[in-house]
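Chains A and B supply the protein sequences, listed in that same order. Letter 71 of the first sequence, counting from 1, is numbered 70 in numbering that gives the first Met the number 0, and no numbers are missing. Letter 44 of the second sequence, counting from 1, is numbered 43 in numbering that gives the first Met the number 0, and no numbers are missing.
There could be a bad hint or two in this list.
As the list makes no split between identical chains, a pair holds if one copy fits it or if it spans any two.
[As the list claims (entries may be wrong)] Restricting the straight-line Cα-Cα distance to at most 16 Å, the calculated cross-link-like pairs of lysine to aspartate or glutamate (EDC-like) are: (1) Lys101 / Glu240; (2) Lys101 / Asp239; (3) Lys327 / Glu40; (4) Lys57 / Asp188; (5) Lys286 / Asp303; (6) Lys54 / Asp188; (7) Lys221 / Glu192; (8) Lys136 / Asp168; (9) Lys136 / Glu111.
No wet-lab data here; the hints were simulated from the structure.
Number of protein chains: 2
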Amino acid sequence: MLKLDSHASGQHFLHIPGPSPVPPRVLRAISYQTIDHRGPEFGQLGLKLISGIQKIFKTTQPVIIFPSSGTGAWEGAMVNTLSSGDLVLMYETGHFATLWKKLADRLGIKTEFISRPSGDNWRYGIDPHLIEERLLKDTNHQIKAVCVVHNETSTGVTSDIQAVRHAIDNAKHPALLIVDTISGLASIDYEHEKWGVDVSISGSQKGLMMPPGLGFNAISPKALEANKKSNLIKAFWAWDEILESNKNGYWPTTPSTNLMYGLHEAMEMIMTEGLDNVFKRHDRLAKACRAAVAAWGLELQCQDSSVYSPVLTGVVMPQGVNADDVRKVALERYNLSLGTGLGKIKGHMFRIGHLGDCNELALLGALSGTEMALKATGIKLTGSGVVAAQEILQ
Amino acid sequence: MLKLDSHASGQHFLHIPGPSPVPPRVLRAISYQTIDHRGPEFGQLGLKLISGIQKIFKTTQPVIIFPSSGTGAWEGAMVNTLSSGDLVLMYETGHFATLWKKLADRLGIKTEFISRPSGDNWRYGIDPHLIEERLLKDTNHQIKAVCVVHNETSTGVTSDIQAVRHAIDNAKHPALLIVDTISGLASIDYEHEKWGVDVSISGSQKGLMMPPGLGFNAISPKALEANKKSNLIKAFWAWDEILESNKNGYWPTTPSTNLMYGLHEAMEMIMTEGLDNVFKRHDRLAKACRAAVAAWGLELQCQDSSVYSPVLTGVVMPQGVNADDVRKVALERYNLSLGTGLGKIKGHMFRIGHLGDCNELALLGALSGTEMALKATGIKLTGSGVVAAQEILQ
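With these hints in hand, go ahead and build the complete structure from the sequences.
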């Protein structure tokens with residue numbers, strides 16, 4: 000039998016910023032017996048899933064469900080809308096923006112990365128003025144898409160997507176707006192259609208409270224038009240065949256049936272709580288988490304209070320402390336998983352996830368474990384983060 | 000709550016040729032809580048999975064696990080080894096060979112489809128002489144790969160992969176041998192390394208007794224060499240980054256953690272039974288199924304007894320009978336799913352799956368349901384298929 004219980008007793012506290020803990024109802028749903036993905040019962044489920052995920056993206060436009068990770072959904076968005084050698088404008092918000100750029104580079108797309116002149120991008124959100132300025136200079140419309148990350152999972156910064164839309168509109172530029180909301184969707188308000196996003200990209204293992212394995216593309220009519228002209232090669236990711244099969248609730252290739260059972264269940268839970276209540280809960284837990292960090296006397300990775308992430312909090316270590324030492328103690332002594340620093344900030348910070356199926360006591364448990372691990376690593380704290388968080392939550 | 004129980008009572012008999020029924024142990028494993036895919040526990044699981052799947056492919060060479068369907072694994076095999084405009088030789092064995100050709104066409108690969116002169120490819124296995132003949136004519140080695148399907152799921156024909164290897168060797172041709180064993184692996188003997196296959200492609204939802212959602216590429220050293228020269232664009236599917244991460248049991252992008260729990264469990268079950276015993280069980284059940292079809296007085300889709308598939312049996316309908324009518328009765332009256340005819344043989348035949356977690360009584364139940372559905376559709380049977388199958392099995 001598979002052994003995943005290396006710890007002696009009690010539950011594991013999974014507080015990385017995704018995969019987030021999966022509710023037992025969802026876990027039970029994915030363990031239902033597999034059915035015929037071409038039979039009538041699956042077709043009915045397929046139609047329900049598509050209309051359900053449209054509500055989550057707040058759109059009436061098509062949403063594709065891929066049997067893939069979020070990276071696959073990135074690739075799906077790009078190969079369906081762009082052509083070889085197209086120039087896209089990307090914005091460096093952190094590690095995931097960087098990975099996405101690397102992916103685009105591999106796909107044969109020309110990428111231009113906007114960075115703040117001060118070079119401290121990984122601590123701030125998107126400055127829409129920099130996008131507007133660049134687009135205004137692009138008078139012959141070489142830039143085919145603006146690609147941005149909604150919630151940067153590596154830093155804990157949530158950028159204002161409407162402001163990016165306005166920047167593009169102000170510049171009267173025809174570029175597509177492609178947004179990674181992998182860790183934003185179903186945790187932070189996100190309006191694919193109202194905000195005028197052309198392709199919204201997401202995955203199952205964050206706000207949707209699912210295991211990893213499903214990726215999403217929500218698609219505007221303008222993106223569908225771009226799809227017809229796009230020459231990047233695509234077969235598995237090709238929207239056209241999927242949209243055709245989706246009309247009847249099916250997929251042209253074999254869908255990930257059991258994860259889809261879980262998606263059905265997770266969406267029902269989210270809609271029962273109410274999307275707005277889900278967002279409020281995330282805001283409140285994040286505020287409590289930041290109060291804890293402040294009480295500890297530690298610095299947040301995010302330096303702009305207007306873009307603090309409701310999904311995760313990045314905690315910067317004092318000089319000379321390796322954040323991964325804190326994480327190791329947290330895991331080995333207290334059965335608590337914290338997120339590692341990624342890319343160039345590895346070792347300098349760690350991340351506390353408070354997304355998906357998270358509540359007050361789960362967060363307070365995680366903060367207690369983090370507090371004890373910080374102390375055990377020899378960090379002098381200025382106060383109790385747990386008490387400070389309780390004050391916000393009670 | 001998700002409702003998948005439209006039928007009043009008893010278990011569903013899932014006898015499509017994949018997804019195959021998933022054993023309760025595997026279903027329970029995939030419902031374990033999701034863990035940190037970058038934590039030490041997952042790394043250990045990752046290493047176990049990789050060495051386990053190598054044993055299933057009978058190879059010491061690398062095997063990639065994608066969070067995708069089998070179609071994704073097809074795409075992975077092609078974009079990692081080939082270049083734009085490369086010519087590949089494919090062999091028309093049925094619907095899946097046709098779909099694979101279509102995928103290659105979409106990827107910008109030139110495809111040449113070998114068909115038997117008699118035009119009845121969908122009822123026979125691969126004729127290796129036709130491959131050898133074609134390769135011998137290709138004196139300047141324009142053909143970069145020979146792509147064949149091991150077990151053609153649309154017809155119930157299992158081709159001899161060693162004979163294809165010999166054909167390539169006899170022609171002294173350097174083409175890669177790429178084999179789709181999506182529905183062959185873990186049901187029929189398959190030796191990736193000994194048979195000299197360069198890329199073996201498979202999926203989770205067939206002999207591996209798993210839900211759909213994992214795809215595989217087993218990779219020879221020659222295929223790894225080809226990978227370095229291949230110019231088809233690749234990012235999500237790129238082998239190089241995955242192989243690098245796999246050294247420590249991790250993946251560069253988010254792996255499908257919960258399906259991987261199931262893979263661990265399924266491989267343990269298969270190895271406990273013993274791969275050879277699994278193959279013998281499939282042979283025996285298939286023989287019983289064919290005995291039933293003979294007793295009914297119906298024709299098999301496969302016309303060559305040396306290549307009958309141990310995985311599924313294709314049953315051809317008498318003139319004027321729509322196979323999907325039989326399937327509809329089987330599903331609605333007896334809670335039995337049979338596989339539809341695919342592509343050009345839709346309506347003319349149906350398929351009985353006897354793969355994965357299948358045993359004598361499951362098969363006899365399915366045959367009973369099929370028999371009653373055939374009668375209910377007005378087909379005159381020459382005898383009892385169930386009795387004939389029992390005679391083989393008792």
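To see whether the hints hold, each was checked on the structure:
1. Lys101 / Glu240: between (27 Å within a copy, 12 Å between copies)
2. Lys101 / Asp239: For Lys101 and Asp239, only the inter-copy Cα distance (14 Å) is at most 16 Å; the intra-copy one is 26 Å.
3. Lys327 / Glu40: Between copies only: 12 Å across, 46 Å inside.
4. Lys57 / Asp188: within (9 Å within a copy, 49 Å between copies)
5. Lys286 / Asp303: Within one copy only: 14 Å inside a chain, 70 Å across chains, cut-off 16 Å.
6. Lys54 / Asp188: Cα proximity of Lys54 and Asp188: one copy only (12 Å, versus 47 Å across).
7. Lys221 / Glu192: For Lys221 and Glu192, the Cα distance is within 16 Å only inside one copy (12 Å; across copies 48 Å).
8. Lys136 / Asp168: within (14 Å within a copy, 59 Å between copies)
9. Lys136 / Glu111: Within one copy, since 14 Å is at most 16 Å while 48 Å is not.
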